[in-house]
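All chains, please: the whole structure from these sequences, using the hints.
Sequences listed follow chains B and S, in order.
Heads up: the first sequence begins at 788 in our numbering, then just goes up one per residue.
Heads up: the second sequence begins at 788 in our numbering, then just goes up one per residue.
If you're looking for bench data, these hints aren't it; they were derived computationally from the structure.
Incorrect hints may appear among the rest.
Copies of the same chain look alike in the list, so a pair counts if it works inside one copy or between any two.
[As the list claims (entries may be wrong)] Restricting the straight-line Cα-Cα distance to at most 25 Å, the calculated cross-link-like pairs of lysine to any residue (SDA-like) are: (1) Lys-797 to Asp-838; (2) Lys-806 to Tyr-862; (3) Lys-797 to Asn-840; (4) Lys-789 to Ser-799; (5) Lys-806 to Gly-819; (6) Lys-827 to Lys-863; (7) Lys-797 to Gln-841; (8) Lys-791 to Pro-835; (9) Lys-797 to Ala-868; (10) Lys-789 to Thr-844; (11) Lys-797 to Val-866; (12) Lys-797 to Gly-816; (13) Lys-851 to Gln-841; (14) Lys-789 to His-809; (15) Lys-851 to His-809; (16) Lys-851 to Leu-815; (17) Lys-789 to Val-853; (18) Lys-851 to Gly-819; (19) Lys-789 to Thr-837; (20) Lys-789 to Val-800; (21) Lys-806 to Asp-822.
2 protein chains.
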Amino acid sequence: MKAKVFVTLKPSVLDPQGKAIHHSVESLGFAGIGDVRQGKYFEITFDPSTDINQARTSVERIAKDVLANPVIEDYKVEVEA
Amino acid sequence: MKAKVFVTLKPSVLDPQGKAIHHSVESLGFAGIGDVRQGKYFEITFDPSTDINQARTSVERIAKDVLANPVIEDYKVEVEA
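This is the structure:
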């Protein structure tokens, strides 16, 4: 069983790394790009014996308490059986 | 139109940051976790006038040339209209 966690900066928070990528990409000649935002991505593999609901609860708590800073970041969790 | 790019270390490449997260999470008492891998996540917003096929081609090239290091990293691209 695998869980994916996406952590992104809240839309109101400035993203200088994304801005730098946007600038690089434009100077390489790619056109039509409005914005680039950088985030983090985590893949958490559970032991096959783990209950899916328990895994979902664990991942939600891990995302909130360990992986994301809820003051400036949003997170999204996906659990695949 | 929005594109998402996921960059992950190839399975054969060691991920010390993921290992550190795994260790932290276990010492916090979460059980049943086999592995944690950290990757990067990018959201690229295109101007609404951009053609979807052109956007897809651009994002593929940006992912390969700018966002990922194909020697040690894999990438996946998703384009949403």
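Hint check:
1. Taking CA atoms no more than 25 Å apart as the test, Lys-797 paired with Asp-838 passes in neither setting, with 31 Å inside one copy and 28 Å between copies.
2. Taking the shortest alpha-carbon separations for Lys-806 and Tyr-862, both the intra-copy value of 21 Å and the inter-copy value of 21 Å come in at or below 25 Å.
3. In this assembly of identical chains, Lys-797 and Asn-840 lie within 25 Å of each other by CA distance neither inside one copy nor across copies; the values are 27 Å within and 29 Å between.
4. Proximity of Lys-789 to Ser-799 under the C-alpha cut-off of 25 Å is restricted to the inter-copy arrangement: shortest distance 18 Å between copies versus 31 Å within a copy.
5. In this assembly of identical chains, Lys-806 and Gly-819 lie within 25 Å of each other by CA distance solely inside one copy; the values are 15 Å within and 39 Å between copies.
6. Taking the closest pair of Cα atoms, Lys-827 and Lys-863 come within 25 Å of each other both inside a single copy (11 Å) and across two copies (14 Å).
7. When the C-alpha separation of Lys-797 and Gln-841 is checked against a cutoff of 25 Å, the pair qualifies neither within a copy, at 28 Å, nor between copies, at 28 Å.
8. For a Cα distance limit of 25 Å, the shortest separation of Lys-791 from Pro-835 inside one copy, 16 Å, qualifies, whereas the shortest one across copies, 29 Å, does not.
9. With identical chains, the CA atoms of Lys-797 and Ala-868 are at most 25 Å apart between copies only, with a shortest distance of 22 Å across copies and 29 Å within one.
10. For a Cα distance limit of 25 Å, the shortest separation of Lys-789 from Thr-844 inside one copy, 13 Å, qualifies, whereas the shortest one across copies, 29 Å, does not.
11. Within a single copy, Lys-797 and Val-866 get their C-alpha atoms as close as 22 Å, and across copies as close as 21 Å, so both meet the 25 Å cut-off.
12. When the C-alpha separation of Lys-797 and Gly-816 is checked against a cutoff of 25 Å, the pair qualifies neither within a copy, at 28 Å, nor between copies, at 29 Å.
13. Taking identical chains as interchangeable, the C-alpha atoms of Lys-851 and Gln-841 lie at most 25 Å apart only when both belong to the same chain, with a minimum of 16 Å there against 37 Å between chains.
14. Taking identical chains as interchangeable, the C-alpha atoms of Lys-789 and His-809 lie at most 25 Å apart only when they sit on different chains, with a minimum of 14 Å there against 31 Å within one chain.
15. Taking CA atoms no more than 25 Å apart as the test, Lys-851 paired with His-809 passes between copies only; the shortest distance there is 15 Å, against 28 Å inside one copy.
16. Taking identical chains as interchangeable, the C-alpha atoms of Lys-851 and Leu-815 lie at most 25 Å apart only when they sit on different chains, with a minimum of 13 Å there against 37 Å within one chain.
17. In the homo-oligomer, the alpha carbons of Lys-789 and Val-853 lie at most 25 Å apart inside one protomer (18 Å), although the nearest pairing across protomers, at 28 Å, exceeds that limit.
18. Proximity of Lys-851 and Gly-819 under a CA criterion of 25 Å is satisfied inter-copy only: 18 Å between copies versus 34 Å inside one chain copy.
19. Within a single copy, Lys-789 and Thr-837 get their C-alpha atoms as close as 11 Å, which meets the 25 Å cut-off; across copies the closest is 35 Å, which misses it.
20. Taking the shortest Cα distances, Lys-789 and Val-800 sit within 25 Å of each other only across copies (19 Å), while inside one copy they are farther apart (30 Å).
21. For the homomeric pair Lys-806 and Asp-822, the shortest alpha-carbon distance inside one copy (8 Å) is at most 25 Å, but the shortest distance between copies (32 Å) is not.
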